[in-house]
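Using the sequences plus the hints, can you model the full thing?
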Amino acid sequence: MLTLRVNGKVHHVDVDPDTPLLWVLNEQLGLMGTKYSCGIGECGACTVYVDGENTLSCITPAGDVEGMEITTIEGLKGPVADAIRQAWIEEDVPQCGYCQPGQIMAAAALLNSNPNPNDDDIDAAMSDILCRCGTYQAIRRGIHCAAKRYNHEKK
Amino acid sequence: MKKSEIDYGRRKFLKVSYIAGCALLADIYFPGCSSKTENKNRRDNLCAPDAWIKIGSDNTVTVIVNHSEMGQGITTAFPMIVAEELEADWSKIRFEIAPAAEIYKNPAFNYQMTGGSTSVRTSFNILRNAGATLRELMIAAAAKTWNAAVSECRAENSRVFHRAGKRSLTYGELIDKAANLPLPKNIPLKKPAEFKIIGKRMPRLDTLEKVYGSAVFGTDVKMPGLLTATVVHPPVFGTKLKRFNSGKTRALPGVRDVVVINEGIAVVADTFWQARQGMEALEVEWTKSSGENPDSEKISQRWAKLANKEGKTIYKIGDVDKFFKKNNNIIRSIYELPYQAHATPSPMNCTAQVRDNRCDIWGPTQNQDAVQEVASKITGLDYASINVYTTFVGGGFGRRISADYAAEAVQISKKVKAPVKVIWTREEDMQHDFYRPASYNVMQAVLNHKGLPVAWMHRIVGADHLAQRLPERIPLKMPYKTPRLLRNLTEYLSGKLVSPVMAGMHAKEGAVPLPYNIDNVRLNFVNDDPGIPLGPWRSVSHSANAFIVECFIDEIAALTGRDPYELRYELLSHDPHMRNVLELAARKSGWGKPLPDGIHRGISFHEYHKTILCFVAEVSVSRTGKIKVHRVVCAIDCGIVINPKIIEVQMESAVAFGLTATLKSAITIRKGRVKQANFDDFPILRMNEMPKVEVHLVKSTNPPTGIGEAGVPLIAPAVANAVSSAAGKRIRKLPINLN
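The listed protein sequences correspond, in order, to chains A and B.
Position 13 of the first sequence, counting from 1, maps to 13 under the numbering used here, and the rest follow consecutively.
When you read off a place in the second sequence, starting at 1, and then add 1000, the result is the number in the numbering used here.
It is worth saying that the hints were derived from the structure and are not from the lab.
All values reported here derive from a predicted model rather than from experimental measurement.
Please note that a few of the clues may not be correct.
Claimed, not checked - Pair ranges (Cβ atoms, derived): (1) A:PRO115 <-> B:LYS1699: 39 to 45 Å; (2) A:GLY63 <-> B:THR1624: 40 to 46 Å; (3) A:GLN86 <-> B:VAL1260: 36 to 42 Å; (4) B:SER1214 <-> A:ASN112: 19 to 25 Å; (5) A:GLU90 <-> B:PRO1224: 21 to 27 Å; (6) B:ASN1308 <-> A:GLU90: 57 to 63 Å; (7) A:HIS152 <-> B:ILE1599: 33 to 39 Å; (8) B:ALA1384 <-> A:GLU90: 41 to 47 Å; (9) B:ASN1262 <-> A:LYS154: 55 to 61 Å; (10) B:ASP1058 <-> A:GLU69: 26 to 32 Å; (11) A:ASN114 <-> B:ASN1157: 41 to 47 Å; (12) A:GLN86 <-> B:LYS1316: 53 to 59 Å; (13) B:ASN1125 <-> A:ASN112: 45 to 51 Å; (14) B:THR1624 <-> A:PRO17: 40 to 46 Å.
Said to hold, decoys possible - Going by beta-carbon spacing under 10 Å, a handful of chain B positions derived as facing chain A: (15) GLY1396; (16) PHE1397; (17) THR1425; (18) ALA1656.
Just so it is clear, CB atoms sit at the ideal spot from N, CA and C, and this is done for glycine as well.
In C-alpha cells, the structure reads:
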C-alpha cells in the first residue's frame, strides 16, 4: 500500500511501487488529464509536479514519490495557473489537445520561476514537451499573454 | 479506481430537445446506456435539418458534428456555419460529435470518415440549409403564437422579434409550438456580404475542456468492470504468431487473460501497466517470412532498376514522346521519399463492449463506418446493433482512418466477455502503422529555347496506398442494411479486381495535373509493393509529390538562370487565381529583396483539392550542416474563409508536421521490420525548431475548400529549395541530410 499526496488529497493505493506514477494517476486515482504518449520520458505529455518540480510521470515509479506533494493538471491552481489557462483560452492554443496538460504544467512552472520570460527562456523551458500538431507558436503567444496578464494583476 | 461511474465527459446539459419535423426525443444519449430500441429510434428518426441541430428548451443550440475533432477545429467551424444562418446566440452554441449513422456519411467518400480536408467543403451548404430552415421555422412558430404575419417577424441572437420590437420569444420558448409546424422549404441563403459569424475569429468551442485536462480522449474512457489490454504484433511484416507460452504472464498480479487475435496477441489485465508487464513476460515465437524480408536499402536499389521500365501510363496530355525523341535539351533527376509514420500523440487505442445482441465501441476514430464494419465482421451483428461513440482524437493525420485497433478491442472484448480498453505502447504504434508510401521518382523535362518546360515526364516507382486499402473501404460505401455476405464478396472482389487496376491512380495525386501551363505531360507508374502496410498520411500522396514537382521546377529555374518565382509566374499565366496567390506570397515575404547574411529563401506552390497555396521559407545552414527554418510566409486561397484564426494555426500545424518529415525523421525497414520505435529515434520537431509562420488569406466569395491538410505538401519543397540555394547542392531526398 502506497500513500500518495495528489492535489492536496491523501490517497492510499494498493499498487506495485514500481508502477509509473502516470498509470497510478490514470488508473488508480482516475485522474485522466496526465497523458501517456511515449512512456520513455521523451515527450513530456505526462508532466506533473513533484514537490513543485516538473517531473515526467511516465518514468517515475510511484514508490519513489511516496509522501511527496504531487500536482496534476486537475490540481493546477493559483494566479499563475489562472493566467496561463486564460491566455490558452484567449489564444485558442490547443489543437488536438492531447499534449496540452503537459504544455500547461511546463508553462505554469516557467512563469512561476520567471514572470517575464523572453523567447529564449520559453524555448529553454518548453522544448522538451512535444506537440505533433505544432501549437508551439500558439504556446509562445500564450505564455507572453499570460505573463502580461499575471504581471498586470500583481500590480 | 472509481469504477462506479461512466465518465464519458461529454455534455450532460441537454434536456428534451426538438427534432424538427420528426419526433421529440429525450436527448441524453449516454454512450453505452441507451437501449437498443432508443438507438434504433434515433437512427430511424434522424432527418435533416434535425440531424444537424438541436434546440433545447434552455435555448441552447447544439450542432451535431459528423466529423471527428482531431485538432483541425471542425467542432468550431460547423457551429459557426450553422449559427450564421440560424441567427443563433453564439454564447449558447454547443457541439456534439455525431454517432455513427447513415445520414452522417461523408458525401466525398460515401462513408462516415474525416479526411481529405473534406469536412467544410462537403458540409457548408448542408449546414447552412439546416440553419436557415430552422430559423424560418422558429419565425413561423413565433408568428403563429402572436397571430402575426411571418413577414413582420425577424430572428436575431436565438430570439424571434415582432416588428414593433416589443414582443420577443427565445428559440427555446418556441420549440413546442415549432414541433407541430411543417418545415419551411427553399429558404434563400445569405450572401457572403451578409455574414456576421463566418469569416470572424470566433473562439474554439473545444478549448475549455482541453486546458483543464477534462477533455475525453480514447484512453480516458471509463466504465464499470473495464479491463485494459495491450497488444503485441508480429515484428516482421507478413509473419504470424507461431506459438507462445503465457505461464509467466498469467502468474502476474492483475493479469486476467492472454488472448490470441488476428493481428497478434493481447494481454488483458486490470490496468494498462499490469498488461504491459504481462506482455514483457510473454514468451512468443513468430513464424518466419516465406520470402526475403523487405529492407529499405534493398527496396531503393530494386526501384532504381525498375525505374528503367516504362510502367503504366496513369495520366497523359499532349504528346510527350515527340519532344523527348526530338530534343536533347532534357533535364533529368531522381527523387526519393521514405516511409513516414503518423506518430499521433495518443497511441492507438479503443474501448469495446461486446454483448450477445449489441456491440458498443468508444474510440478516437476518423472512420466510424470502418469501425462498424470490422465490428460487424467480428461479432456477426448488423450495423443497427453496433454503436460507435467518437471521443476526442489525440492526433489523427490519417492513421485513424484504419480501424485495426478497433477490430482488436472488439475481438478481445468478445473473447473475455467484458468491456475492454486496448492501449498500444508507443513502440507498437510506431512499428505497426499504415505508413506514408516511400517512392522512387524519375523526373524529366524538355526545355524550349526560352528555358521553359514544354514536356514533362514523371515516373513513380512504388506502391499505391489506396490500392492496398481499397478492398476494405469499398464495402463501407454500401447501405447499412447490405447483407454481410454481399459485403464480404464486395471486399473480396475489390481486392481481386479493383486494386490492381487502381494502382497508381492515387499515387499520382498532387503530381498531376500540374498547376503549370505545360502542354505535354505524362505520368507513369511502376507498381512494386514490398508489403509494408500503407495508409493516408496528412495530405496523402500530395505530401510526396509536391516536394518532387516543386523541387524539380526549381531545378529548371536554376538550370536556365531564372528566378524560381518568375518561372512559376510565367507558367501560371493561364490562371489569375493561382497567380494572385503566388504574387501575394512573394509580396508578403519580400521576395527579391535582400536578406540578412546566411539566410536563403525557397518557394513552393501547390493546389490541394482546389485550395491554392504558396509558401516562402527563410532558411539558414550552419557550417556543420545544421538547418534552421526561421520564417515561413503562407498565402492561401481557400474560398470563403470560415475562421481565419483556425486557418492560421492549421498552417502552423502543417509547417510543424511537415518539418519533422523534412528535417528530422523517417521510417526505415531493416530485415522486414521497422527500425524506429519511439520519439528517441523518430524525433518530432521541438519548440526551439519551430519557425515563425505568417499567413495571408485571399479574400474570396467562392465556395470554401479545405485547410487541414493543404499546407503540409508545401513546407518540404519550400525548405528544400532554400537549402539547395544555401548549400549549393540540390536536395532530392527526404529527410534532408547535408552530412
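Do the hints match the structure? See the list:
no., hint, verdict
1, A:PRO115 <-> B:LYS1699: 39 to 45 Å, "holds, 40 Å"
2, A:GLY63 <-> B:THR1624: 40 to 46 Å, "holds, 43 Å"
3, A:GLN86 <-> B:VAL1260: 36 to 42 Å, "violated, 51 Å"
4, B:SER1214 <-> A:ASN112: 19 to 25 Å, "holds, 23 Å"
5, A:GLU90 <-> B:PRO1224: 21 to 27 Å, "violated, 39 Å"
6, B:ASN1308 <-> A:GLU90: 57 to 63 Å, "holds, 58 Å"
7, A:HIS152 <-> B:ILE1599: 33 to 39 Å, "holds, 36 Å"
8, B:ALA1384 <-> A:GLU90: 41 to 47 Å, "holds, 45 Å"
9, B:ASN1262 <-> A:LYS154: 55 to 61 Å, "holds, 60 Å"
10, B:ASP1058 <-> A:GLU69: 26 to 32 Å, "violated, 41 Å"
11, A:ASN114 <-> B:ASN1157: 41 to 47 Å, "holds, 43 Å"
12, A:GLN86 <-> B:LYS1316: 53 to 59 Å, "holds, 58 Å"
13, B:ASN1125 <-> A:ASN112: 45 to 51 Å, "holds, 49 Å"
14, B:THR1624 <-> A:PRO17: 40 to 46 Å, "holds, 45 Å"
15, GLY1396, "holds, 8 Å"
16, PHE1397, "holds, 8 Å"
17, THR1425, "holds, 6 Å"
18, ALA1656, "holds, 2 Å"
Hints 3, 5, 10 from the list above are not met by this structure, while the remaining hints are.
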